[in-house]
Amino acid sequence: MITQKQTATKIFLFCLRLIVGVTFIYASISKIAHPQAFADSIYNYQLFPPLIIKPLSLFLPFFEMICGLFLICGIFKRSTAILLCGLLGLFTIAIFINLVRGLNINCGCFSQFSDKNNLLISIVENLFLIFITAILITKESKKSF
Amino acid sequence: MKKTDAKISKPNGKYNLKKFILQTLIILFLTLICGLVSATFLIKDFSLFSAYQPPQGEDLNQFEEIDIKFLMDILDNDMTVLIDARDEKLYQEGHIPGALSLPVYDFENIFLKIKSKIPFDKTIITYCIDKDCPDSKLLANKLFNAGYQDIFIFKAGLKGYIKFQKGNPIIE
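Note that the protein sequences, when read in sequence, are chains W and S. Sequential numbering of the first sequence, starting at -3, is according to the numbering used here. Sequential numbering of the second sequence, starting at 4, is according to the numbering used here.
FYI, nobody ran anything at the bench for these hints, they're computed from the structure. Honestly, I wouldn't trust all of these hints.
[To be verified] Looking from chain S toward chain W, a few residues come up when the C-beta cut is under 7 angstroms (computed):
hint, residue
1, Phe23
2, Leu33
3, Thr34
4, Ile46
5, Phe49
6, Leu51
7, Ala54
8, Gln65
9, Thr126
10, Gly150
11, Gly163
Backbone N, C-alpha and C fix where the C-beta goes; we use that ideal spot for every residue, glycine too.
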């Protein structure tokens, strides 16, 4: 029998999945539409060899979109939460490295044509999303794994 | 509890890891399919199998070039930072008064040390030895990628400055 508390937890977790899922789907749309601009954004990070920039700019947005869709639809919930948590961790490290380097680049997180972003704000946003995905990883049912 | 339910909820780490890997592979497979379909049918002018070419050719020419007269007019301006793109040793031998040294071929190391002297809201002017050297353009491109917006190139370089000064001392 499903108690009221369980229902509330389910709704709460769904809201969290919705936040992360919509964020990643929204972030992927501009990247999918403009892969060359996204490749330029990746290049600006000065962290990757030229050989992997194009494949990364092509496949990464679809990975984000699929994970976002799966998370919202409740497919492979814990797996997608773990994958997105790892991805956010990598993004945060990349942004942090450039913050330390003193580069004022566009983070390329959401729009490829926006003005120069505040990298510190991007890190805070990422940490917030990491926190949410961590909740999903720990709280989502083991059955969904 | 049914046998199948017991199997799914088995709190065994190894079992869960297997399932996680399988689900990750499914997501990666779907990503691969979507990416390849997109690259083949939807995206134009995007070759997946060629190495990424930074937009150097166009970008290097996008920076406005200034002459000595313009340089002299804005050199005393507080909003301007003049940067020597040549090697540190050449800079020590002689440079335009007020110029900072930021060797383009050691950009990553030197930039960290002097970035506090180059605020992002300032106008940047780069130069190298003469009109034929590429270093000033390369440095302008690196600074542009680092986030600077207002960048000019003093094309005549140090030789042009010396010629203009007619033998005046150039080391501060």
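Evaluated hints:
1. For S/Phe23, the suggested interface contact is upheld, since its CB lies about 5 angstroms from the closest CB of chain W, less than 7 angstroms.
2. Satisfaction of the interface hint for S/Leu33 is found here, the shortest Cβ-Cβ separation to chain W being roughly 5 angstroms, below the 7 angstroms cut-off.
3. At its closest, the beta carbon of S/Thr34 sits 4 angstroms from a beta carbon of chain W; the interface hint therefore holds under the 7 angstroms criterion.
4. About 6 angstroms separates the beta-carbon of S/Ile46 from the nearest beta-carbon of chain W, less than 7 angstroms, and the hint is met.
5. Because the closest C-beta pair between S/Phe49 and chain W is about 5 angstroms apart, less than 7 angstroms, the hint holds.
6. The interface hint given for S/Leu51 holds, since its Cβ lies 6 angstroms from the closest Cβ of chain W, which is under the 7 angstroms cut-off.
7. Because the smallest distance between the Cβ of S/Ala54 and any Cβ of chain W comes to about 5 angstroms, under 7 angstroms, the interface hint for this residue holds.
8. For S/Gln65, the interface hint is violated, since its Cβ never comes within 7 angstroms of a Cβ in chain W; the closest pair sits about 14 angstroms apart.
9. A cut of 7 angstroms between beta carbons decides the hint on S/Thr126: the least distance to chain W is about 15 angstroms, and the hint is violated.
10. With its C-beta approaching chain W no nearer than about 2 angstroms, S/Gly150 sits inside the 7 angstroms limit, and its interface hint holds.
11. Because the closest C-beta pair between S/Gly163 and chain W is about 30 angstroms apart, greater than 7 angstroms, the hint is violated.
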